[in-house]
Structure formats: structure tokens, C-alpha cells
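Same order as they appear, the protein sequences are chains A and B. Under the working numbering, the first residue of the first sequence is numbered -10, with each subsequent residue one higher. Under the working numbering, the first residue of the second sequence is numbered 877, with each subsequent residue one higher.
Calculated from the structure, these hints are not laboratory results. Note that the structure is predicted; figures quoted are calculated from it, not measured. By construction, the Cβ of each residue, glycine as well, lies at the ideal position given by its N, Cα and C atoms. It is possible that some hints are incorrect.
Which chain A residues stay away from chain B? Per the calculated CB distances, all over 10 Å, these [unchecked claim]:
| no. | residue |
| --- | --- |
| 1 | Ser1 |
| 2 | Glu4 |
| 3 | Leu9 |
| 4 | Ser59 |
| 5 | Thr66 |
| 6 | Ser69 |
Facing chain A, from chain B, some residues (calculated, C-beta under 10 Å) [to be verified]:
| no. | residue |
| --- | --- |
| 7 | Gln913 |
| 8 | Arg931 |
| 9 | Phe940 |
| 10 | Leu966 |
| 11 | Asn976 |
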Amino acid sequence: AQSVTQLGSHVSVSEGALVLLRCNYSSSVPPYLFWYVQYPNQGLQLLLKYTTGATLVKGINGFEAEFKKSETSFHLTKPSAHMSDAAEYFCAVRDPRTGTASKLTFGTGTRLQVTL
Amino acid sequence: DAGVTQSPTHLIKTRGQQVTLRCSPKSGHDTVSWYQQALGQGPQFIFQYYEEEERQRGNFPDRFSGHQFPNYSSELNVNALLLGESTLYLCASSPGDRGNYGYTFGSGTRLTVV
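Isolated chain A, as found in the complex (with noise of 0.2 Å):
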């Protein structure tokens, strides 16, 4: 079986300053991994994901992750944090094996919040 965890359920910076969302992963084999955002009273919106290929990935909104698989992690950061970031963050892993047939799994959440 497959599980995420997410420490820190919550998390605040400074306007400007570096965002890193923690992110530790569970799994018999290399998953697909996904950071989705959440704003108030709507749905998930992806942020980015890892599949295969290069481990440190872009995303949208400047934000980017990077796959460690001996640290069984893909950690969300940006440079810079910006008022409109503040959200409820969450990574997914995903069995890449089973192919169409194939949940999300995911952690509790970050709330992040961003202060002047």
C-alpha cells in the first residue's frame, strides 16, 4: 500500500521569502508523485507532477519539486512567496503499474500562509 506524509499541517512565511512544503512518500516501487492546490471552497489544481525522466520539475506559478528516491521525498518549494500562494497544499503518489485503474493517494495537507 501506498502513503504520503505531509509534516507540517501548517506552515507561514514572509512575503518574499523561500516556500519549501514537505512532502515523504511510501512505496514497493518509484510512484508518480503530484503537488495539487487548493483554494477556498474550490477544487484541486495541479501544481505540478513527476513521472519519469528529470527529477527536479517545474510547475506552474513558479513553484518546482524535486524527486529524491533515496529519501523517499518530493518536496514543494519557491524562491519567492507571494500573497496570492497562500492555499492548502497537497502531494498525491499514484502506483504506476496499475495503469488506468489507478487512485490518488494522498496526505493530510499543508495550509500555507503567507504574511507581509
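Please arrange chain B on chain A, whose structure you already have, making use of the hints.
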């Protein structure tokens, strides 16, 4: 291009009643999944439909059932509603032949059980 459309956006039901939630996938997508998201939690997988069949199911009771239609739209049905099932229900779609695709989510249906 419309994304994933869910209806209704909000509804209120009485404990013990039955409810049907609807989802239209993004154009070009043929796989639909349903998730339940409790407050302060990540979405939990309910089930997935592909080619009008349930392909995978999460840890939810049989009171949760679904259907997929030939146009790929889907319904989630819940019988004998419990108060604890007051929460957000999300639909997600993907192209079935692209296993590395990230799902596209709808904005959800917020269900209140009183």
C-alpha cells in the same frame, strides 16, 4: 474548453435519505474518479469508472455506488445518509490511455446532512 463540471454545488439532505451527485468529465477524458474530502483532510478515494465499469474501489461501504454513462459522465449515489457524510465530494477525470496524467478535478459538491 470546459473542465470537470459537478452538480449541484451545494445540497442539503436529511439523515437516512439518498443522494445523487453528478459529474461531467473534461472533454477528451473517459475515466472518472470520485473522492470524499473531510474538513482539514486530503481527499479519500471512493471509486473509479472506466468504460462504464467500476475499476477500483476504496474503503467505502456498499451504500456508496456509482454509474458511468456512454458519454463518460458519472453519478455518485449514497443511500441511507449519515451525519458524518456531510462533507465535500470531488470528481476527477483523466484520459484513460495516459497512465501518467494528473487528474483534473471539479470544484466539488458540498453535501450537508441534517
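**Report entry** Broken hints, by number
**Finding:** 9
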